[in-house]
Structure formats: structure tokens, C-alpha cells
Amino acid sequence: MSEFFTLSVLIATFASAVRLAVPYLLAALGETIGQRSGVLNLGVDGVMLLSAFGAYYTVIETGSHLLGIGVGLLIGLFMGVVYAVVTVHLHAKQGISGIGIFLFGLGFSDLLSQELVGAIQPIKKLPSLAKLPLVGGIFEPLEDIKYLGQLLFSHNLMTYVAFALVPTVTWMMNNTTFGLNIKAVGENPQAADSLGVSVGRTRFFAILIGNALAGLAGATLSLQLGVFQQNLTNGLGFIAVALVYFGAWRAKWVMAGAMLYGIVTATRLQWQARDIIPNSASDLAAMTPALITILALVLLAKRVRGPAALTKPFSRH
Amino acid sequence: MKTNRSRRFLTLLTALLALSMFAAACGGSDDTESATGTATSECGTNNAVVKGDKVTDKTVAVVAPSDSQDLAFTQSMIDSLTRLGIEPQVTDGTFQVEVAADAIRGYAEDGINVVIVHGTQYGGSLAEIAPDFPETSFIWGTSTSTQDIPNIFAYYPEAQQGGYVNGWIAGELADGGSIGVVGPVEAGDAVSYINGFRAGAEANGADVAVTYTGSFSDVALATEAAEAFLTVGVEVLTGTSQSAVGAVNVANENKIPWFGTQSNQEAWSTDQVVASQVYHWEVILDDMFEMIDEGTLGGEAMSLTLENGGLLVEINGCYNLDSDVLSGAGDIVDQIIAGDINPPA
Amino acid sequence: MKRLLGASVPLGAALLAFVLGSIMILALGENPISGASAIVEGAFGTGDRFAVTAVRATPLLLVGIGITIAFRASVINIGGEGQIIAGALLSTIVALVIPDTPRIILIPLVMIAGMIGGGIWGAIPGALKAYASVNEILSTVMLNIVAVQLMNFLLRGPMIDPIEKNGSRIPQTERLSDNAAMPTLVEGTRLHLGVVIAVFAAAVVYIILWRTPLGFRLRAVGHNPDAARAAGISVERNITMAMGMSGALSGLAGVMLVFGSESLRLVTDGGAAGFTGSAGFNGIVAALFGGLHPLWTVPSSFLFGALLTGATQLQRALQIPAALAVALNGLIVLFVVSSDRLRAWLHGRLNQGAFDNETAELRESTNNSTDLQPEGSNVHEATP
Numbered sequence: 001m002s003e004f005f006t007l008s009v010l011i012a013t014f015a016s017a018v019r020l021a022v023p024y025l026l027a028a029l030g031e032t033i034g035q036r037s038g039v040l041n042l043g044v045d046g047v048m049l050l051s052a053f054g055a056y057y058t059v060i061e062t063g064s065h066l067l068g069i070g071v072g073l074l075i076g077l078f079m080g081v082v083y084a085v086v087t088v089h090l091h092a093k094q095g096i097s098g099i100g101i102f103l104f105g106l107g108f109s110d111l112l113s114q115e116l117v118g119a120i121q122p123i124k125k126l127p128s129l130a131k132l133p134l135v136g137g138i139f140e141p142l143e144d145i146k147y148l149g150q151l152l153f154s155h156n157l158m159t160y161v162a163f164a165l166v167p168t169v170t171w172m173m174n175n176t177t178f179g180l181n182i183k184a185v186g187e188n189p190q191a192a193d194s195l196g197v198s199v200g201r202t203r204f205f206a207i208l209i210g211n212a213l214a215g216l217a218g219a220t221l222s223l224q225l226g227v228f229q230q231n232l233t234n235g236l237g238f239i240a241v242a243l244v245y246f247g248a249w250r251a252k253w254v255m256a257g258a259m260l261y262g263i264v265t266a267t268r269l270q271w272q273a274r275d276i277i278p279n280s281a282s283d284l285a286a287m288t289p290a291l292i293t294i295l296a297l298v299l300l301a302k303r304v305r306g307p308a309a310l311t312k313p314f315s316r317h
Numbered sequence: 001m002k003t004n005r006s007r008r009f010l011t012l013l014t015a016l017l018a019l020s021m022f023a024a025a026c027g028g029s030d031d032t033e034s035a036t037g038t039a040t041s042e043c044g045t046n047n048a049v050v051k052g053d054k055v056t057d058k059t060v061a062v063v064a065p066s067d068s069q070d071l072a073f074t075q076s077m078i079d080s081l082t083r084l085g086i087e088p089q090v091t092d093g094t095f096q097v098e099v100a101a102d103a104i105r106g107y108a109e110d111g112i113n114v115v116i117v118h119g120t121q122y123g124g125s126l127a128e129i130a131p132d133f134p135e136t137s138f139i140w141g142t143s144t145s146t147q148d149i150p151n152i153f154a155y156y157p158e159a160q161q162g163g164y165v166n167g168w169i170a171g172e173l174a175d176g177g178s179i180g181v182v183g184p185v186e187a188g189d190a191v192s193y194i195n196g197f198r199a200g201a202e203a204n205g206a207d208v209a210v211t212y213t214g215s216f217s218d219v220a221l222a223t224e225a226a227e228a229f230l231t232v233g234v235e236v237l238t239g240t241s242q243s244a245v246g247a248v249n250v251a252n253e254n255k256i257p258w259f260g261t262q263s264n265q266e267a268w269s270t271d272q273v274v275a276s277q278v279y280h281w282e283v284i285l286d287d288m289f290e291m292i293d294e295g296t297l298g299g300e301a302m303s304l305t306l307e308n309g310g311l312l313v314e315i316n317g318c319y320n321l322d323s324d325v326l327s328g329a330g331d332i333v334d335q336i337i338a339g340d341i342n343p344p345a
Numbered sequence: 001m002k003r004l005l006g007a008s009v010p011l012g013a014a015l016l017a018f019v020l021g022s023i024m025i026l027a028l029g030e031n032p033i034s035g036a037s038a039i040v041e042g043a044f045g046t047g048d049r050f051a052v053t054a055v056r057a058t059p060l061l062l063v064g065i066g067i068t069i070a071f072r073a074s075v076i077n078i079g080g081e082g083q084i085i086a087g088a089l090l091s092t093i094v095a096l097v098i099p100d101t102p103r104i105i106l107i108p109l110v111m112i113a114g115m116i117g118g119g120i121w122g123a124i125p126g127a128l129k130a131y132a133s134v135n136e137i138l139s140t141v142m143l144n145i146v147a148v149q150l151m152n153f154l155l156r157g158p159m160i161d162p163i164e165k166n167g168s169r170i171p172q173t174e175r176l177s178d179n180a181a182m183p184t185l186v187e188g189t190r191l192h193l194g195v196v197i198a199v200f201a202a203a204v205v206y207i208i209l210w211r212t213p214l215g216f217r218l219r220a221v222g223h224n225p226d227a228a229r230a231a232g233i234s235v236e237r238n239i240t241m242a243m244g245m246s247g248a249l250s251g252l253a254g255v256m257l258v259f260g261s262e263s264l265r266l267v268t269d270g271g272a273a274g275f276t277g278s279a280g281f282n283g284i285v286a287a288l289f290g291g292l293h294p295l296w297t298v299p300s301s302f303l304f305g306a307l308l309t310g311a312t313q314l315q316r317a318l319q320i321p322a323a324l325a326v327a328l329n330g331l332i333v334l335f336v337v338s339s340d341r342l343r344a345w346l347h348g349r350l351n352q353g354a355f356d357n358e359t360a361e362l363r364e365s366t367n368n369s370t371d372l373q374p375e376g377s378n379v380h381e382a383t384p
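Residue numbers (my numbering), protein chains in the order written: chain A, 1 to 317; chain B, 1 to 345; chain C, 1 to 384.
Don't take each hint at face value.
Below 35 angstroms or equal to it, Euclidean Cα-Cα: the simulated DSBU-like pairs (lysine-lysine) are [claimed, not checked]:
1. B:255 - A:146
2. A:146 - A:131
3. A:124 - B:54
4. A:124 - B:51
5. A:131 - B:255
I should point out that these hints are in silico values taken from the structure, not numbers from a laboratory.
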């Protein structure tokens, strides 16, 4: 136990928590934007699986991580268009259409993986800042700083993107017309409509961004792990949706939720490695992130209202 | 005192010896036997599974829970059948027992002669299905029992044996340090492998830590479990299940030696995979097919052991293990076969 | 005529999805016609296949009708997987503890135990939502994870088959008492009583929802919680009740999966889907295809069961990975769900005479009662 509470181990655990949290964070931020506009997307997991495979396959074929991330983003955008058309224009019941996307993503990514790749091939993982081609040299000395280096400067590019998105999303929601429109459309679409805000278009773009972020999340997952397998996400997308509620639709609380999940997971794996948690309790250990998330919400939740028009399709009549 | 004739005889003998070694080295297989139970591959060969001659004309089908190309459990069976020259019909990815049961019954109804039921959890369903098809032979694993049904053969890997050997070699590499084991769920042959590994490593003075992540498929968990072991300061890593690829990637990145099981995992890391305990099911399948051809459709349980060649610790030629470690491993194998060492299951 | 046209739209959507599926099959180098015939043959080819389809549909039906209850009360229940597991665990425990009870008592007992297990697993998120404002999507997702690990813990520990303990260590129970096995209805097939029980349950749910005060309260809460509260209906209690009932039906599905299975054991492969076959999600889809109405869920889950059963034949006959069927399911869902609006439009078109009344009513009902509304916010907003 005492070896765990040394600075270097604690920092390493935190770094592990960050790695775990990043895909959750990206996907949850995207879902937050979508839900703020009044649209629930339960298909995040499916989008993530498709983009995870897409990114992985791109890296196999081209060797470029940047291209891989790009492909993941594009897949997210494409699925966003599909979902937007289905929910906004065709008024499909949102919970169920999300499940449809999930099933499709789960099956199709598995199918493509079996047909196009076959035997699992590990790929080179997303490089940390210091290992980036060309510019890596700048960051090397930073990473070498004792403790602080590993804590702050040893992560991959997508990690910084994800955390930078948190204040960005907050700022966007509060300080841009687009963000204010999203909130208006999510609260009271009729009123927004009467004020001249195009409900359909606002929701369309909110969904697009949301799914694009889910696409980034999936790409980050497979490129961080360096592999793709059927059902790589193991329910990550659903947990990300759950984190939106945990975060009461506010970006920084969503981030807190993702980090909580990551920290609990990283800690229990550490404690199992050190036999602080014996293997007879490994199932209990595996439950802890889920239990703690519920507990935390029960204890800490402010009773925040969600977007009043969440899941209600809008018709101008 | 050497006469001319004895000198000529000696030369001939040496020449013959050299010739036979040369022939062996250039022979069909990529492996050179360094000792029973272990085999070192040529560095740079891709360990392709060589298709052998067909051993039976019976039709064969396989029902398996994970993907045929998982480089683990299911692939080991497919590879073994390939070595026996058999191209089975395959239904894979049937992780839900009822679906697998459906497939098993379906093959039997279609008239397939031999259905290989490659999943321990299918046993309960099989017990209901097999009696309905007395003309079909069902080969089921991994299990030590045929459930007293006459047309069921059972197979089981004594995974702790190869595990012990892996563990012993790992202990050599760790040199008194610690070793990390990333396990999925504490069930099935994962436990035998890990128990054997731990015993082998500890016998060689290493400290072994085991983490069961709680999932067979969660690659992210396996990755971070391996990362956690790095902070403990492990010198060697091993693990099992299809999620193990996450841990292998961590080993690869950090230049830490890796030991694999079920299939040859060199494809996942040519540099860091030291050895894999490979399941050569064909050793016992061959016997079973022979019995089936003669009319016995079941009733025996066979296991893969180091002795019968069903378990082979395939050592990565690219890793360049010390020759005394190699011969030490060979000794360990001999002791296990002789019964002097009894790895715990 | 109008009804026919209404039904044609989801059918048309399903057809479109099949077209896309055929394209995928073609891309894999196989003949889509043989693909389709493999599916049909696998699902309906013989009497026994029919039975397998019905048995496969049973958990879908049970989960599905539970979903319809939840939807009418405007709660989303994606905790089916966990509730199935909870029901299976509790019912298995009962069967392990009192195996020699006569069949006529034991079968109802395990069914009740399953419903209690699932009911608790559903009521917890319901209560958390109603009384602690914890969104049900969050709690059900988390409880799904907890349920799987609980199953792993129990099946490799206290509930493991004693033979396995030092043997192969398969995380499964011993073969359960024959007294608890669902009786076979037709000799020589696998059709068991569970199928009939599920259909009966659908009828019961229909009656509860539309013919009892409880059902009225549930629907009122779903339709307009503020008005319901003003009328003296406890929104919190009814939300909890709806989730509990939904969970209980999923728990019953778990009972069917164990006691209707050939092996008569509870076995796990470490994940949820290995036991449930994703019935927790597929049941939602079945409910959708049934228009979120318990009675229509009967044929829709049967058809869905047919698709799933046919897919195994597809895999066996044409070596097409099962993953294709999963993807195809997703596509069909998307298309059917998208056709809702088209259907409403068609209704409007055909009702030129009663245009104002009927379609306005329809739009009202499409917008309000059948939509999913996470209740978290509105429920507490009204509290002064």
C-alpha cells in the first residue's frame, strides 16, 4: 500500500486515468451538445465502433495517424448526417433510432474487420507529444521534467484536443449565437421558431458536431490502443451518454465525470497489481467505477433541469 | 590410435551426421527442435501454418465462441485442423450458448460426421444434443470429462505445464525481479495457465503479481492493467484472452519481454515475444480421427501435454535467448514429463 | 385500406433494409437469394425450426412488453441486460436451494423469483430517478455493468458447479433440477411453455395498461406529469412502478433463458451478451416494431426472432459472419423508425374528410405519449 502512495506511482495512475478518460470525454462532449439542442443519441457506441475501425484501417493502409483521425472524423460526420436526417426530418423516436445506429455500427464494424483485416494486427499507437514527427523535439525537454513532465506533457495530441474542447464547448454554448440557439432550441423550440431561429438547421448542426466528436472518440480509442477488435468499445458509448447526465449538461462537469470514471478504473487496476485488492474480489473491483458513478451522482447531484424539449421532435404547427 | 580405415569411417560418420543435420535444417518445417516440448523458430519466418495431408475423409465442422483469426483460442483449433489437412465448415463468434447449440445441432442434422465443439460452456447443451445423433461424433473441449456419453470425445490442455515452462524462462529473464500477469476473468484454462506460470516463475526466484481485469474482451482494461504493472517495476509480462493484445502492445512499446499462450503470438510483436505455449490440438485429434474411422465415436478424454507434443513452447528465434536458458528450459520440460515437477493447475 | 397502407410502410422499410443487406451479401461474394432463403429456411424450414424461432422470440417478447410499459410512463429502460441477469440469478438460486420441490410449485416459484430479481433491478433506477433525480439512462447503464460482474462473481464462486471447481473451472452452475425445466409443449421439438407464458403476459400487460387504474395512472404520468400530479397521482411512485414492472418482465425473460435452455444451467462467458444474446437491446427493437403496443409486440418479436434464428443458418450455409445479421438489424430499425412520419403523413392524406380531427389527434399522440421523455427535469420543476 505504501508503494502506491508515492508520487511517481500516483502520477502514473493519473496518467493512466487520463488515457482511459479521453474517449469518454470526447464522446460525452459531443452528446452534450446534441442533447442541449434537444436530441438524444443512444447510438454513440455504434458511431465510435465504425470510426474506430475506420481509423485503424487507415493507419494499416497508410501509416498516417493524422489521416486515421481524419477518417474517424469523417465517419462521425457521415453518421451525424444520417442521424440528423432520421431524427430531425423524419421525426423518428430518438431512443430507438439510436439503438438502431448502435446495432448497425456494432455489426458492420465487426463485419468489415473480419473481411478487410482478418487476423488482428497491432498498429503503432498514437505518439505522445515528444514522439511526434517533426515537432517532437520541442516537447522532449518538457516531458523530461521530473513528475510534472509525465503529468502534463506526456500525452498524445488527442488528449490535449479533448481537454481543450471543454472550455471551448462552454464558451461556444454561452458566447456564440450558435450556442445560444442550441440552448434555445433545446428548451423551447416553439418559442425559438417564432423568433426566427431555424430549429431544424440548429439541431442538424448540433447533431453533426456531436457525432463528429463521437467519431474522434472512436478514432482516438483504436489509435490509443493500437488495435481493433469486434466490440472494441465494450459499452463505452453508453457510459459516455450516461456521463452527460452525470455532468448535468455542463462541459466541465462532464469532464469531471469522465475523469472520475478514469481515476477509479486506473486506481483499481493499480491496487489489483499490488494485491491491495485480492483477485478473489476482482469482479467487485470491476464494478467499482459504475457503483461510484451512481453514488457520486446521488450524493452530489444538484437537481438541474435538462433541456425541456429533449427527445421531442419539432413540427411547426 | 586411428588407423586409416577408422579415420575414413569417422569421416563418413561425421559427413552423414552433418548431412542429416543439414537436411533437417532445410526440411519443410520452419522449426528446429531444440528440446522436447520446446521449439525455436527461425527469425524472420512468419510461422505460417503448413497444411498437412488429409488424415480423414470424414466431414468436419467447428463451432467456436470467438473469431477464427483471434490468434488465441479459436485460431489454435483452426490451425491444428489445417495441419491435419482438414478444411472444416466453421461457425465462429457464437458466444451465446443457445446460438452455438443451434449450430451444433444444425451441423449434426446436416449429416456432418464430426462436430468439433470448441467451447467449454457448450458442454451442457451438448449433453442434450449428442444422444440425439448417435452416428455423429462430437469432439468437445476444453473439458476433462466426456459426460459419460459414448459419442463425445473430450480434450483439455494441461495449460499449467507450458505455463510453468514460460514462467521459468520468465524467471530467468526477470532475474529476481517481478513479473506481471494480465488475466481476464478467473475461470477456465486462463487459471491453469496462470497458476502454472506463477509456480514456474516463483521457483526461479521471481515475484509474480496477477490482475484479473474482469473481462475477456476489454482491450483498454488489459492495456492499463499492463501499464499499472510497469509502475510496479515488472521485468516481464504475460497474459491470456483475446484482450491480451492490449497488454502485448504495452510490452512492445516498453521493450518488455512477453510470453503468450494458446497460439503463437509472434505476429503481435516480433521483438518482444519470447515464447508462446501453443496448443497443438492435432496431436490428439489425429488419434481421435483414427478411432472415429474405426468406428469409435467417443468415450475418451485426452489432454494436451508437453509429453505428447500437444503443448509446444514455441520460442521466438528473433529474441535470441541465451543458450543456457534454452537448455535450462529443456531440462524443465524433461522434469515435468518425468513427473519430478508437478505444476499446479 | 388505411390500415393496410399504414402497415405497408414499416414493411416497405424492412424491404429496403433487405435490399441493402443483399448488397452487403453480394459484396461478400455470395448470392443474396440463397442468403434470403437460408434465413427463411433457418427460421421456418421445419417444425423444429419454427419452435426454435418461437423460443428465440420469447425473451424478446418479454423484454419488449416491459419496454412498452416503461415507454407509456415516459421512462427509457435500457437496463434490460442487467435485469435479465438479475432475474436469472435469483431464479437459479431458488432452483439450487429447493431442487426437489414438485414441478407444479417450483416452476411458478422460479418465475416469481425471476420477476422479483428483475423487478428490483428495474425499480432501483426507477426510484433513483423519481426520488434522487438520477437519470435512468445513467443508472441502468451502470447497473448493467454491476449485474454482469455480479454474475461472474457468483458463477465462478459460490454458485459454481462443484465438479467444475477443480476441473475445467467453467463459470457455470450444476445442471438444475428437472422439476424447474419449462415443460415441452410439442414432443420432439424445443417448443416450451415459456412461449405461451410470454404471449399470455403480453395480454396481461395490455389489460393492465388500458383496463386498470394502475395502467391509467402510468399512462397519465407519461402523458403529462404535471397534470397527473395535480390530479393527486404520485409521479414518483408510478415511475418506480413502471421501471419495476419493466424490469420484472426482463427478469422473467432471464428465467426463460435458463429454464427453457437445453443445458438447464446458468453459464457465463464473462460478458452480458453471452447469456442474454443482447435480448435487452433487441427487445427494445421488437417493441418498436410492434408500435410500442404489447399485443403487436407478439408478432413483431416473432419476426425478429425469425431473423435472428435465420441468421445462424445464414452463417452455417453461406459462411457469412453473424455480424452481418447484427448490422442488418440496425438498418431495419433505422428504416422502420424513419418511416413513422411517412406513415403519419399517409394517414393524413387518406383522411381528407376527417382531416382536422383525426390527424391533429394523431400528431398529438405521436408527439406526446409515445415519445421518450426522460423525466428527470420536469418532475421536479413543478415542486415549488
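Going down the list of hints, with the structure as the test:
no.: 1; hint: B:255 - A:146; in the structure: 22 angstroms, holds
no.: 2; hint: A:146 - A:131; in the structure: 18 angstroms, holds
no.: 3; hint: A:124 - B:54; in the structure: 39 angstroms, violated
no.: 4; hint: A:124 - B:51; in the structure: 31 angstroms, holds
no.: 5; hint: A:131 - B:255; in the structure: 16 angstroms, holds
Checked against the numbered hints above, the structure breaks only hint 3 and satisfies the rest.
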